[in-house]
Amino acid sequence: MSSLSKYLSGKWLTVYAVVYMLFLYAPVFLLPMFAFNDATIISFPLQGFTTKWFDVLWETQALHGAVRNSATVAISTAVISTILGACAARASARYRFPGKRPVMGFIMLPLVLPEIIVAVSLLVLLMQLGMSLSLWTVVAGHVLICTPFSIAILSSAFQGLDNSLEEASFDLGESRWGTFRRVILPLVMPGVVSSLLICFTISLDEFIIAFFLTGTDVTLPVYIWSQLRFPTKLPSVMALGTILLALSVVLLILAEWFRRRAAKKQGIEASAGGFM
Amino acid sequence: MGMTLDKEARQGLTLLSPTALYALLMLAAPLAMVVTFSFWTQNYLDIETTLTLDNYREAWSKPIYQVLMIRSLKISLLVTVVTVVLAFPIAYFLSFHVKNRKALWLFLITVPFWTSYLLRVFLWKVILGYNGVLNTALMELGLIAEPLTFILYNANAVVLTLAHAWAPFAILPIFVALEKIDRSLLEAAEDLGDGPVRRFFRITLPLAMPGVIASTLIVLIPTVGDFITPKLVGGTDGLMIANMIQIQFGKANNAPLGAALAVSSMMIVAVISLIIYAAGKKFGGRVQ
Amino acid sequence: MAAIDANDIIVLSDVTKTFGTFQALKGINAGIREGEFFSLLGPSGCGKTTLLRMIAGFDEPTTGTIDINGKPMAGISANKRPTNMVFQSYAIFPHLSVAENVGYGLKTQKMPKKEIATEVDKALDMVDLHGLGDRGAHELSGGQRQRVALARALVMRPKVILLDEPLSALDKKLRDQMQVELRSLQQTLGITFILVTHDQEEALIMSDRIAVMFEGEIAQLASPEELYRRPRTKRVASFIGVMNFLDAKLGSQDETTLTINIDALGPVQVPIDIAPAGLNPATIDAVGIRPEMLTVLGDGNDNAEHKVEGEVTGTAYYGDMTYYTVQLPGSGEPVTISMRNTAGRSVLPAGSKVMVRWGAESVVLFE
Numbered sequence: 001m002s003s004l005s006k007y008l009s010g011k012w013l014t015v016y017a018v019v020y021m022l023f024l025y026a027p028v029f030l031l032p033m034f035a036f037n038d039a040t041i042i043s044f045p046l047q048g049f050t051t052k053w054f055d056v057l058w059e060t061q062a063l064h065g066a067v068r069n070s071a072t073v074a075i076s077t078a079v080i081s082t083i084l085g086a087c088a089a090r091a092s093a094r095y096r097f098p099g100k101r102p103v104m105g106f107i108m109l110p111l112v113l114p115e116i117i118v119a120v121s122l123l124v125l126l127m128q129l130g131m132s133l134s135l136w137t138v139v140a141g142h143v144l145i146c147t148p149f150s151i152a153i154l155s156s157a158f159q160g161l162d163n164s165l166e167e168a169s170f171d172l173g174e175s176r177w178g179t180f181r182r183v184i185l186p187l188v189m190p191g192v193v194s195s196l197l198i199c200f201t202i203s204l205d206e207f208i209i210a211f212f213l214t215g216t217d218v219t220l221p222v223y224i225w226s227q228l229r230f231p232t233k234l235p236s237v238m239a240l241g242t243i244l245l246a247l248s249v250v251l252l253i254l255a256e257w258f259r260r261r262a263a264k265k266q267g268i269e270a271s272a273g274g275f276m
Numbered sequence: 001m002g003m004t005l006d007k008e009a010r011q012g013l014t015l016l017s018p019t020a021l022y023a024l025l026m027l028a029a030p031l032a033m034v035v036t037f038s039f040w041t042q043n044y045l046d047i048e049t050t051l052t053l054d055n056y057r058e059a060w061s062k063p064i065y066q067v068l069m070i071r072s073l074k075i076s077l078l079v080t081v082v083t084v085v086l087a088f089p090i091a092y093f094l095s096f097h098v099k100n101r102k103a104l105w106l107f108l109i110t111v112p113f114w115t116s117y118l119l120r121v122f123l124w125k126v127i128l129g130y131n132g133v134l135n136t137a138l139m140e141l142g143l144i145a146e147p148l149t150f151i152l153y154n155a156n157a158v159v160l161t162l163a164h165a166w167a168p169f170a171i172l173p174i175f176v177a178l179e180k181i182d183r184s185l186l187e188a189a190e191d192l193g194d195g196p197v198r199r200f201f202r203i204t205l206p207l208a209m210p211g212v213i214a215s216t217l218i219v220l221i222p223t224v225g226d227f228i229t230p231k232l233v234g235g236t237d238g239l240m241i242a243n244m245i246q247i248q249f250g251k252a253n254n255a256p257l258g259a260a261l262a263v264s265s266m267m268i269v270a271v272i273s274l275i276i277y278a279a280g281k282k283f284g285g286r287v288q
Numbered sequence: 001m002a003a004i005d006a007n008d009i010i011v012l013s014d015v016t017k018t019f020g021t022f023q024a025l026k027g028i029n030a031g032i033r034e035g036e037f038f039s040l041l042g043p044s045g046c047g048k049t050t051l052l053r054m055i056a057g058f059d060e061p062t063t064g065t066i067d068i069n070g071k072p073m074a075g076i077s078a079n080k081r082p083t084n085m086v087f088q089s090y091a092i093f094p095h096l097s098v099a100e101n102v103g104y105g106l107k108t109q110k111m112p113k114k115e116i117a118t119e120v121d122k123a124l125d126m127v128d129l130h131g132l133g134d135r136g137a138h139e140l141s142g143g144q145r146q147r148v149a150l151a152r153a154l155v156m157r158p159k160v161i162l163l164d165e166p167l168s169a170l171d172k173k174l175r176d177q178m179q180v181e182l183r184s185l186q187q188t189l190g191i192t193f194i195l196v197t198h199d200q201e202e203a204l205i206m207s208d209r210i211a212v213m214f215e216g217e218i219a220q221l222a223s224p225e226e227l228y229r230r231p232r233t234k235r236v237a238s239f240i241g242v243m244n245f246l247d248a249k250l251g252s253q254d255e256t257t258l259t260i261n262i263d264a265l266g267p268v269q270v271p272i273d274i275a276p277a278g279l280n281p282a283t284i285d286a287v288g289i290r291p292e293m294l295t296v297l298g299d300g301n302d303n304a305e306h307k308v309e310g311e312v313t314g315t316a317y318y319g320d321m322t323y324y325t326v327q328l329p330g331s332g333e334p335v336t337i338s339m340r341n342t343a344g345r346s347v348l349p350a351g352s353k354v355m356v357r358w359g360a361e362s363v364v365l366f367e
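Chains as they are written, first to last, in UniProt numbering: chain A, 1 to 276; chain B, 1 to 288; chain C, 1 to 367.
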């Protein structure tokens, strides 16, 4: 018993936390290492510094197509999910109506549903309807899994919105639309931007749904998957991954910054753990 | 009054309707379709729409599916236990020992999660491989004479990789539950004579239980459906049911059987989830 | 119920409000006079906020009508009504500066920027926030937020300003100060103020008239003094200040006087006109006496007409006042008596035998 009490004490927990973080970051650290490593084989020891794998990326036409496809999918997904998320978050935060909990629960379901189930179900439906697979079928799937994230982010923004602010605006003679434009929108805008960025990031990285629902135009993760089979392509895949990692981190920091601004605007202390 | 909805309810429902409609068309309809599909059969290129239980008979009786299903559950449960057990001390550390930089820690925990999933799994292959980072490092240090082989292309590798992939999902719910604990309760327990250990088991853990249950379910349910990790690091011993579902929808071109496998595995996971939820409720019953 | 006057700025007629099966308001009739400070006073859940929100236009009555300035308000939404509200939470727009908050409604009216600036400055001066227009909303103290909310309503020059528990978030000292300021501002401007509060002291200090509400009904509508001196029901009496209730029965009555037999004090004659209108003397079953209307005498050497022996069972020393609980013979509950601590008057310890003096004019009759 006394050893457990020590285990729970700060010092050992700190050590544990550091080791745990090393575990979490091991792949993240390796990615840029191999991206700049002057060797075709992905293994230690490192051979020397090079940027040639990044140069390869500029010359690969198929990759450029995949980037364009992914950008189209991710931007469409972000916009549609955020609009759908905003409707649901606002409805849930502001209004009381029968059936709210089950309907909201169902909308949030993709958060816990294995992606393969989402992908397979949509695939079966599309097959039955005789629709061909395209980037838009990928968007349809991505919107499904991104909307719950958007709702989670926007719910806090809409819930932080004191009802009396709207009433005050209304009381001062403003119309419903004017109130939306002058009070609600400015206050939830950072949340909206944050939602757009998160949905964009999720869609950009998503593989399983894209793998099942993509047609001849592949997205970036599907392209990466196809490249993993060719050992010679691996270093440039590492380079690509490094760029994606940097992009994701920048987008996430931006998203977090916007979320905090939203909270600050509403006079709420920015609570920890906004992403989930 | 009676059946008619008031103004507020109507406005709320109207606002929710686009999202609800989308979920209905893109989630409810497809799920219903999969269930229907699982009662149909594949007839070479056509789908035979006579209702039959053949797919389920095959899914539940053929040894290969049984083996894959049991292995999937074993691996998923193991992943869940490992992930949650590893995550709890971190959540505890964040909640009780980090004072000013909680948000930064949480951010740092979520960053690896946002790296391309495919590449993360692939990099674990690089780390755990025969000539991988881990073996090279251990041999350099003189801790081992020959590369370890039990760490890649088997279930261990799958467990490790998935535990890594789902770490933030396990940490956050527990952290949130721990943050909600009123610190004066802990002082009260101490004041009434509990030492740190007794206090932990009598106050902290029971109150954190809802978070632990949430973590467990959040990790367990999706891992059953993963097929990337088994394919990349699992070898033949590490293949799971999702790989078989993917094969049925792909190469094997037997979507109805794939659907039956998908529905079966979801049912099993749902039952296990309900058991865990019920058990958790019983354990932390007085909470909430 | 108070008579409704043609000059009343707000007329509430048979106003009811039902939420599902809960009847929040059960037929409110009242007239609010132009330029008066009117308070809706009652415990939480009595319907006072619901009534205020219906005057503002955030809710519609289930039945009944609300007229403001001679016009029926049915179907007229909050943004079209000549009322402005100071919210309990103040509802200061967090993304706007103080000046932008105060000028919000004027901008809606498309007033030129220069005029808005002048009006905003005037309003800020009125509430003693001169020169704070550029401050952000989050830089304000509680008291300042309250003032901004007030200025934001005042700048609209409404017929009526509605205040929903405006002082409840402030600490005691600031609240006392704001009560006086609000009252004098209202008197200077001559605008009708309607205040919702659960604090009886606040209502007494600020109001011209008070409607005391319980469970969706107005129990009494009167001036502060009348409410305190002549509460119509036991419930109103105990909600406003402290009241000692003593069991009593009607002894006899003639054209000008009632003789009441008070169990603990004996018979007393009171003028018939102190009985509230509509009270049947035969149904009297208690009298009320305020603590300050009773006097404790240490020695008992007093020639007062009405006095009775008692025993001090407890004292509470408040500095300027001492509150005694005194057991009177024949009465169940001990009575509370407050005494000013003047020079040369010492506090009597518990157990002291005392004489309690009282006056017939201070008796309130209850059914």
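Worth double-checking, as some hints may not be accurate.
Unchecked claim - Here are the simulated lysine to aspartate or glutamate pairs, EDC-like style, with alpha carbons at most 16 Å apart:
1) B:LYS102 to A:ASP162
2) A:LYS100 to B:ASP6
3) C:LYS122 to C:GLU139
Unchecked claim - Sample of chain C residues at the chain A side, in silico, Cβ under 7 Å:
4) PHE58
5) ILE76
6) ASN79
7) ASN84
8) THR313
9) THR315
10) TYR317
11) TYR318
It should be emphasised that the hints constitute simulated quantities derived from the structure, not laboratory data.
In this text, a Cβ means the ideal position worked out from N, Cα and C, and glycines have one as well.
**Q.** Indices of hints not satisfied (ascending)
**A.** 1, 3, 5, 8, 9, 10 and 11
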